[in-house]
Amino acid sequence: MADLKAEDKQETLQRLFVGIIIRVGWIRFELDRQAFLDWLVDISPDSLSRDNIRSFVLEQPM
1 MADLKAEDKQ
11 ETLQRLFVGI
21 IIRVGWIRFE
31 LDRQAFLDWL
41 VDISPDSLSR
51 DNIRSFVLEQ
61 PM
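Count the sequence shown with the numbering used here and you get residues 1 to 62, in order.
For the record, the hints were derived by calculation from the structure and aren't laboratory data.
Among the hints, a few may not be true.
[Unchecked claim] The calculated label-pair distances, taken between Cβ atoms and stated as ranges, are: (1) 32 with 9: 31 to 37 Å; (2) 29 with 55: 18 to 24 Å; (3) 9 with 36: 36 to 42 Å; (4) 35 with 6: 40 to 46 Å; (5) 12 with 36: 32 to 38 Å; (6) 10 with 32: 29 to 35 Å; (7) 6 with 31: 36 to 42 Å; (8) 8 with 29: 28 to 34 Å; (9) 37 with 17: 27 to 33 Å; (10) 30 with 9: 41 to 47 Å; (11) 37 with 5: 15 to 21 Å.
Positions of the beta carbon are idealized from the N, C-alpha and C atoms, including for glycine.
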C-alpha cells in the first residue's frame, strides 16, 4: 500500500509539472503574439519586407 501512495505522489507531481509547463508556454505564446501584432501595427506597408520580418523574428527571445 505504501508503494501505491508513492506512485500516486509521483504521478501527481508529474501532472503538476506538465501543467505548469503548458501554462508557461501558453503565456509566452500570448506575449510573443501580442508583440508581433504590435510590431505589425507600427510598421508601414512599404517597410513590410521579408528582411524586416526576418529581423523581427530573430530579435525575439527563445
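Hints, verified against the model:
Evaluation of the 31 to 37 Å hint for residue 32 and residue 9 yields a pass: the beta carbon distance comes to about 35 Å. Range check, residue 29 to residue 55: about 21 Å between beta-carbon atoms, so the 18 to 24 Å window is met. Checked against the hint of 36 to 42 Å, the C-beta distance between residue 9 and residue 36 comes to roughly 41 Å, which is consistent with it. Remark: the range hint 40 to 46 Å for residue 35 to residue 6 is upheld by a beta-carbon distance near 44 Å.
At about 36 Å, the CB distance of residue 12 to residue 36 agrees with the hint of 32 to 38 Å. Range check, residue 10 to residue 32: Cβ separation about 33 Å, and the 29 to 35 Å hint holds. Checked against the given bound of 36 to 42 Å, the beta carbons of residue 6 and residue 31, roughly 38 Å apart, stay inside it. Residue 8 and residue 29 have their C-beta atoms about 32 Å apart, which keeps the hinted 28 to 34 Å range intact.
At about 31 Å, the beta-carbon gap between residue 37 and residue 17 stays in the expected band of 27 to 33 Å. Taken as a hint, the range 41 to 47 Å is violated for the pair residue 30 and residue 9, whose Cβ atoms sit roughly 32 Å apart. About 48 Å separates the C-beta atoms of residue 37 and residue 5, a value inconsistent with the hinted range of 15 to 21 Å.
In this structure, the hints that do not hold are numbers 10 and 11, in rising order.
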